Amino acid sequence: KQEVTQIPAALSVPEGENLVLNCSFTDSAIYNLQWFRQDPGKGLTSLLLIQSSQREQTSGRLNASLDKSSGRSTLYIAASQPGDSATYLCAVRPGIYGGSQGNLIFGKGTKLSVKP
Amino acid sequence: GAGVSQSPRYKVAKRGQDVALRCDPISGHVSLFWYQQALGQGPEFLTYFQNEAQLDKSGLPSDRFFAERPEGSVSTLKIQRTQQEDSAVYLCASSLASGGALGEQFFGPGTRLTVL
Numbered sequence: 001k002q003e004v005t006q007i008p009a010a011l012s013v014p015e016g017e018n019l020v021l022n023c024s025f026t027d028s029a030i031y032n033l034q035w036f037r038q039d040p041g042k043g044l045t046s047l048l049l050i051q052s053s054q055r056e057q058t059s060g061r062l063n064a065s066l067d068k069s070s071g072r073s074t075l076y077i078a079a080s081q082p083g084d085s086a087t088y089l090c091a092v093r094p095g096i097y098g099g100s101q102g103n104l105i106f107g108k109g110t111k112l113s114v115k116p
Numbered sequence: 001g002a003g004v005s006q007s008p009r010y011k012v013a014k015r016g017q018d019v020a021l022r023c024d025p026i027s028g029h030v031s032l033f034w035y036q037q038a039l040g041q042g043p044e045f046l047t048y049f050q051n052e053a054q055l056d057k058s059g060l061p062s063d064r065f066f067a068e069r070p071e072g073s074v075s076t077l078k079i080q081r082t083q084q085e086d087s088a089v090y091l092c093a094s095s096l097a098s099g100g101a102l103g104e105q106f107f108g109p110g111t112r113l114t115v116l
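Protein chains in written order, with my numbering: chain A, 1 to 116; chain B, 1 to 116.
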């Protein structure tokens, strides 16, 4: 059974720091991996989608990497800003032999606080 | 609007009442997913539709939960005889592709259900 773990559960950094959020998954047979941002009381905003054949994706100050064989992904945030404060969720779409119809399996998230 | 919308945004129900939660996916999106998010947890899969066909309902926690998408667009998640453990945020997501090429999932703002 696929399990997704995110470390740390919470992180507080001063504005301007570069930071890395970690995500690990137990079964390397995945179709893709998606990083989301969730603000309090809100839905999920998709940040980056990495297909299983890709190693990384970049969007602005965000860079996500994927090492499928080791079951790891990282989300790198450059020059953090107070507006980046939110919970960041990692989710994998299991491969076809995982019985998946496309649903995502989520970690519990990392709550990020960027202090001015 | 271009995004996924859900209504109501908040619902308070007395234990034993029936509730109906609505999801309007992005126009043209074939796949639709329902997830349940408990406080402090990542979303967990409930059910999946491809057009009007419910292809996977393995995540529905009990037979009190029922979902439909009769015309392949709007979907309704119904919970009968609500219990306190049903209190959670219910998220709807849609994606453009179907079959084995499911892509990026876009989420609505969620419905926060509180059962008293």
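A couple of the hints might just be wrong.
[As the list claims (entries may be wrong)] Taking lysine to any residue pairs in the SDA-like style, the calculated list, with each CA pair at most 20 Å apart, reads:
1) B/Lys14 <-> B/Ala88
2) A/Lys111 <-> A/Ser69
3) A/Lys42 <-> B/Pro109
4) A/Lys42 <-> B/Lys14
5) A/Lys42 <-> B/Gly28
6) A/Lys108 <-> B/Lys14
7) B/Lys14 <-> B/Glu104
8) B/Lys57 <-> A/Gly95
9) A/Lys115 <-> A/Glu3
10) B/Lys11 <-> B/Ala38
11) A/Lys42 <-> B/Glu44
12) A/Lys111 <-> B/Lys14
13) A/Lys108 <-> A/Leu49
14) A/Lys108 <-> A/Glu17
15) A/Lys1 <-> B/Asp56
16) A/Lys115 <-> A/Lys1
17) A/Lys111 <-> B/Ala38
18) A/Lys42 <-> B/Gly72
[What the hints assert, rightly or not] Facing chain A, according to a computed beta carbon distance under 10 Å, are these residues of chain B, among others:
19) Gly3
20) Gln37
21) Gly42
22) Ser58
23) Phe66
24) Glu104
What the hints contain is simulated information worked out from the structure, not anything from laboratory work. Remember, predicted model here, so these are calculated numbers, not experimental data. For every residue, glycine included, the Cβ atom is placed at its ideal position computed from N, Cα and C.
Here is what the structure says about each hint:
Between B/Lys14 and B/Ala88, the direct Cα distance comes to roughly 14 Å. Compliance with the 20 Å bound is thereby established for this hinted pair. Between A/Lys111 and A/Ser69 the alpha-carbon distance is near 27 Å, which puts this suggested pair outside the 20 Å criterion. Taken as a hint, the A/Lys42 and B/Pro109 pair is honoured in the structure, with Cα atoms around 5 Å apart against an allowance of 20 Å. Simply put, A/Lys42 and B/Lys14 have alpha-carbon atoms about 24 Å apart, too far for the 20 Å limit, and the pair is violated.
Only pairs whose Cα atoms come within 20 Å are accepted, and A/Lys42 paired with B/Gly28 is rejected, the gap being roughly 24 Å. A hinted pair counts as satisfied when its Cα atoms are at most 20 Å apart, and A/Lys108 with B/Lys14 does not qualify at roughly 29 Å. As the CA atoms of B/Lys14 and B/Glu104 are separated by approximately 36 Å, the hinted pair breaks the 20 Å bound. Annotation: proposed proximity of B/Lys57 to A/Gly95 holds, straight-line Cα distance about 18 Å (limit 20 Å).
Between A/Lys115 and A/Glu3 the alpha-carbon distance is near 31 Å, which puts this suggested pair outside the 20 Å criterion. Among the hinted pairs, B/Lys11 with B/Ala38 is consistent with the structure: their alpha-carbon atoms are about 15 Å apart, no more than 20 Å. Between the alpha carbons of A/Lys42 and B/Glu44 the distance comes to roughly 16 Å, so the proposed pair stays at or under 20 Å and holds. Simply put, A/Lys111 and B/Lys14 have alpha-carbon atoms about 32 Å apart, too far for the 20 Å limit, and the pair is violated.
For the suggested pair A/Lys108 and A/Leu49, the alpha carbons sit about 18 Å apart, so the restraint of at most 20 Å is met. A C-alpha spacing of about 23 Å is found between A/Lys108 and A/Glu17, which places the hinted pair above 20 Å, so the restraint is violated. A hinted pair counts as satisfied when its Cα atoms are at most 20 Å apart, and A/Lys1 with B/Asp56 qualifies at roughly 17 Å. Simply put, A/Lys115 and A/Lys1 have alpha-carbon atoms about 38 Å apart, too far for the 20 Å limit, and the pair is violated.
A hinted pair counts as satisfied when its Cα atoms are at most 20 Å apart, and A/Lys111 with B/Ala38 qualifies at roughly 15 Å. Under the criterion of a C-alpha separation no larger than 20 Å, the hint pairing A/Lys42 with B/Gly72 is inconsistent with the structure, at around 25 Å. Annotation: B/Gly3 was flagged as interfacial toward chain A, and the flag holds, the nearest CB pair being 9 Å apart, inside 10 Å. Interface hint status for B/Gln37: upheld, as the beta-carbon distance to the closest one in chain A is roughly 8 Å, under 10 Å.
Below 10 Å, beta-carbon pairs count as interface contacts, and B/Gly42 has one with chain A at about 3 Å; its hint therefore holds. At its closest, the beta carbon of B/Ser58 sits 8 Å from a beta carbon of chain A; the interface hint therefore holds under the 10 Å criterion. Because the closest C-beta pair between B/Phe66 and chain A is about 18 Å apart, greater than 10 Å, the hint is violated. Against a cut-off of 10 Å between C-beta atoms, the interface hint on B/Glu104 holds, since the closest Cβ of chain A lies about 5 Å away.
Going through the hint list in order, the structure does not satisfy hints 2, 4, 5, 6, 7, 9, 12, 14, 16, 18 and 23.
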